[in-house]
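S.K.: Listed below are the residues making up each chain.
There are 2 protein chains.
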Amino acid sequence: MSNANAKVLPLLEPVGQDTAPCCPPLTERPFSAEEADTAARMFKALGDPVRLRLFSLVASHEGGEACVCDISDVGVSQPTVSHHLKKLKEAGLLTSERRGTWVYYRVEPSVLAAMGRLLTLRPAA
Amino acid sequence: MSNANAKVLPLLEPVGQDTAPCCPPLTERPFSAEEADTAARMFKALGDPVRLRLFSLVASHEGGEACVCDISDVGVSQPTVSHHLKKLKEAGLLTSERRGTWVYYRVEPSVLAAMGRLLTLRPAA
DNA sequence: ACGCTACATCGACAGTTATCGAAACAAGGC
DNA sequence: GCCTTGTTTCGATAACTGTCGATGTAGCGT
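Keeping their order, the protein sequence lines are chains A and B. Under my numbering, the first sequence is numbered contiguously, ending at residue 125. Under my numbering, the second sequence is numbered contiguously, ending at residue 1125.
Don't take every hint at face value.
What the hints assert, rightly or not - Just the calculated beta-carbon pair ranges, DEER-fashion:
#1 B:E1034 to A:T95: 27 to 33 Å
#2 A:V76 to B:S1110: 28 to 34 Å
#3 A:Q78 to B:G1100: 52 to 58 Å
To be verified - Distance condition first, Cα-Cα at most 27 Å in a straight line; then the derived DSS-like pairs of lysine-lysine:
#4 B:K1086 to B:K1044
#5 A:K87 to A:K44
#6 A:K86 to B:K1086
#7 B:K1086 to A:K89
#8 A:K86 to A:K44
#9 B:K1089 to A:K86
What the hints contain is simulated information worked out from the structure, not anything from laboratory work. In this text, a Cβ means the ideal position worked out from N, Cα and C, and glycines have one as well.
Build out the structure end to end from the sequences listed, making use of the hints.
M.R.: Laid out in structure tokens, this is it:
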């Protein structure tokens, strides 16, 4: 198995605090096919109600992280929760770490900021 | 037919400039099932590369609007373009208006702002 | 070693979605 | 009226996605 995370977003690594993590604001110029593909993957990850709730649960949890046991009460089975968390992880929105029996998930702030920047309106134009 | 837009987001109408259009920031508190359902619909609409490109083309076009003929060059057939535009419209992200032979699409700024707000990080906490 | 708990993966199924070609519809010019 | 151009709708199909139960794996406690 060796969870070598083979599907993390390629543009995640070089993300700093002021570097453009993936794309310019949607309103700035037409997206290329590549940019659209990258950005759509992130939006799609949040395009499911269960995933959105899980993400919100992690993001709003004390300390910015939560173990699966804390957030499993969203009305679907445990395997389904695990499936969705994996999707969020593959989209680069969450990271996970095992500590003893439990696995803790936390949000990736830079990606969240990147998506927010995508949706900014034209300053004044 | 009578295009009585029967599927516009219910929370679109009462949106002002400072009222919460749908949900608090994702990081503020766990989303309810209802909130998640509403917000996920918007994210899902942008979760497709073709739709994202179309949306970006409209949003970045001169005057904030574009006719279908201006944005049909995204690599899919014309019916498919129309299909995606319809989806974006149903999600409340675009509005359309027919002027003579052409149909013009423009972005709904309030919804864009709402999604941006959803993704804001905790101010300082 | 054994069982128990927390979490992940597998395999299958149902529902949804993206895509196309063909056809219908709308507006304008002849 | 009829034809041309632009756009939407229709019907069909292939691919994807969410969901589950069963099973597998990792760590803790006895």
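S.K.: Which hints from the list above does the structure break, by number from lowest to highest?
M.R.: 6, 7 and 9
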